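Visitor: Make a model of the complete structure from these sequences and hints.
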Amino acid sequence: MNNMINRKEIEALHKHDLDDFLEKMSLASDFNNNKIHCTFCTETINKNNIGAIYTKNGEILFSCSKLECLNNLNN
Amino acid sequence: MPSMLVFIGMFGVTLGLFVWLVIYLFVLHQERGEKLVYWLSSFIAWSGKKAEKTATAMSIQSKVDSFINSINSEVESLFPYNLKIKWVASDLERSAFIEKDRVIVMLDYHKNKDENLSKATILYMNKAVIPEARPHIHNKLSKAIDLMMTKKALYSFIEARSCLNHFVETILRPSTENDDELKSFCETVEIVDERGLFTRIMLRELLELGLKRSGVTENGETVYETTEFIKMLKTIAEKEKGVDVKTDFLSKNIRVAVVFVARPEMIEFGTAPYTNRINELIKKSANTFYIFARSDRNVDFAKTVVASSVSKFPSLVNTHEEEYAARTSDGKILKNYCAILYNRKSV
Numbered sequence: 024m025n026n027m028i029n030r031k032e033i034e035a036l037h038k039h040d041l042d043d044f045l046e047k048m049s050l051a052s053d054f055n056n057n058k059i060h061c062t063f064c065t066e067t068i069n070k071n072n073i074g075a076i077y078t079k080n081g082e083i084l085f086s087c088s089k090l091e092c093l094n095n096l097n098n
Numbered sequence: 117m118p119s120m121l122v123f124i125g126m127f128g129v130t131l132g133l134f135v136w137l138v139i140y141l142f143v144l145h146q147e148r149g150e151k152l153v154y155w156l157s158s159f160i161a162w163s164g165k166k167a168e169k170t171a172t173a174m175s176i177q178s179k180v181d182s183f184i185n186s187i188n189s190e191v192e193s194l195f196p197y198n199l200k201i202k203w204v205a206s207d208l209e210r211s212a213f214i215e216k217d218r219v220i221v222m223l224d225y226h227k228n229k230d231e232n233l234s235k236a237t238i239l240y241m242n243k244a245v246i247p248e249a250r251p252h253i254h255n256k257l258s259k260a261i262d263l264m265m266t267k268k269a270l271y272s273f274i275e276a277r278s279c280l281n282h283f284v285e286t287i288l289r290p291s292t293e294n295d296d297e298l299k300s301f302c303e304t305v306e307i308v309d310e311r312g313l314f315t316r317i318m319l320r321e322l323l324e325l326g327l328k329r330s331g332v333t334e335n336g337e338t339v340y341e342t343t344e345f346i347k348m349l350k351t352i353a354e355k356e357k358g359v360d361v362k363t364d365f366l367s368k369n370i371r372v373a374v375v376f377v378a379r380p381e382m383i384e385f386g387t388a389p390y391t392n393r394i395n396e397l398i399k400k401s402a403n404t405f406y407i408f409a410r411s412d413r414n415v416d417f418a419k420t421v422v423a424s425s426v427s428k429f430p431s432l433v434n435t436h437e438e439e440y441a442a443r444t445s446d447g448k449i450l451k452n453y454c455a456i457l458y459n460r461k462s463v
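Chains as they are written, first to last, in our numbering: chain A, 24 to 98; chain B, 117 to 463.
There may be inaccurate statements among the hints.
Cross-link-like lysine to aspartate or glutamate pairs, in silico, EDC-like; alpha carbons within 20 Å at most [to be verified]: (1) K70(A) to E32(A); (2) K89(A) to E231(B); (3) K268(B) to E91(A); (4) K31(A) to E248(B); (5) K89(A) to E248(B).
These are computed hints drawn from the structure, not numbers from a lab. Please read these numbers as outputs of a predicted model, since none were measured by experiment.
Guide: Structure follows, in structure tokens:
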């Protein structure tokens, strides 16, 4: 029964919902104009390489899908 | 009337079977229930967002939860949390989204399961493995535990082996290449794991320590203690057959003794040499005894030692017993045994 209660949540966004989400965050224009970059490797973020979206002190930041960049989110 | 009874009988059996199946799949073995839901939703994933998202989440949760269950069979509650993929609502307002620091992993369609699995596993490990102990261990050891635990999990996802290769090439190797300290901790975790001591002793003791020290501000003392403890486990893991090394660690927070029932020639002397040693360590307030044995004859004798110790010393409680396969220092895979005795009178 404990398993039913104890679950560690990982928040996720499905690629299905990305456009709507970016629109709501007022980031769609920057995203579509290649103005968003990975915080860790500075690569331009697009629909194919987006790995994670994270917030820090009220700012919305992005990581590409490279595992070494995602791993930085654990530090 | 008889046909009515037959109907009720059949209906009752069917209902009972259905209830049992629901309990089995969604209470007792949730990872199997998740696999079933994944399987069903992947069939209809084309029909809409909801089914696709359910298939994506379940394909990840079922695999990670299977891994968690296998680890928890070695050490109960080592992973107190199963994984839950929580979908962020796409219509969330910006102000609500940024009001706290958060990490949102981007997941692809369920068919791209390898990439989804690697991403979710990496982010999950740091959150779920011994979170309470993190402030009390060396930061490089903490990172080594995440890396090696992720490697262990990805290795266990047999149908998604490309994730493991990708992880080793892009994270593990580059992380350790230019960091000798991290590399050394990773090597320690690896050899301790090969001997079956990583989850059974190392993580278990760190978990206990984290709980014991929760709420206490770390001043470096416990970090030193845990680092010394890890060094001792490495020495034990690297020990050659027939060589004696120190196997007890009696410090401020970690007070454990590892007892190896490893010499067949000792069997003729009975359990006394072992129970006498355990008695001495109880007097020194050892908290936990790990009894290990390898190969059939030693395993049988170790069980006798455990039974004799528990009946002789009322303060000892046998909290865990298991048989498992592990690698010896010369590369052989042998039957192993581990029992964990807890000393209730330890201070």
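Visitor: Each hint: holds or not?
Guide: Each hint, compared with the structure:
Using a Cα cut-off of 20 Å, the hinted pair K70(A) and E32(A) is violated, with the two alpha carbons roughly 24 Å apart. With a CA separation close to 10 Å, the supplied pair K89(A) and E231(B) stays within the 20 Å bound. Of the pairs offered as hints, the one joining K268(B) and E91(A) holds, with about 17 Å between alpha carbons and a cut-off of 20 Å not exceeded. Annotation: proposed proximity of K31(A) to E248(B) holds, straight-line Cα distance about 14 Å (limit 20 Å).
With a CA separation close to 28 Å, the supplied pair K89(A) and E248(B) exceeds the 20 Å bound.
When held up to the earlier numbered hints, the structure conflicts with 1 and 5 and fits the remainder.
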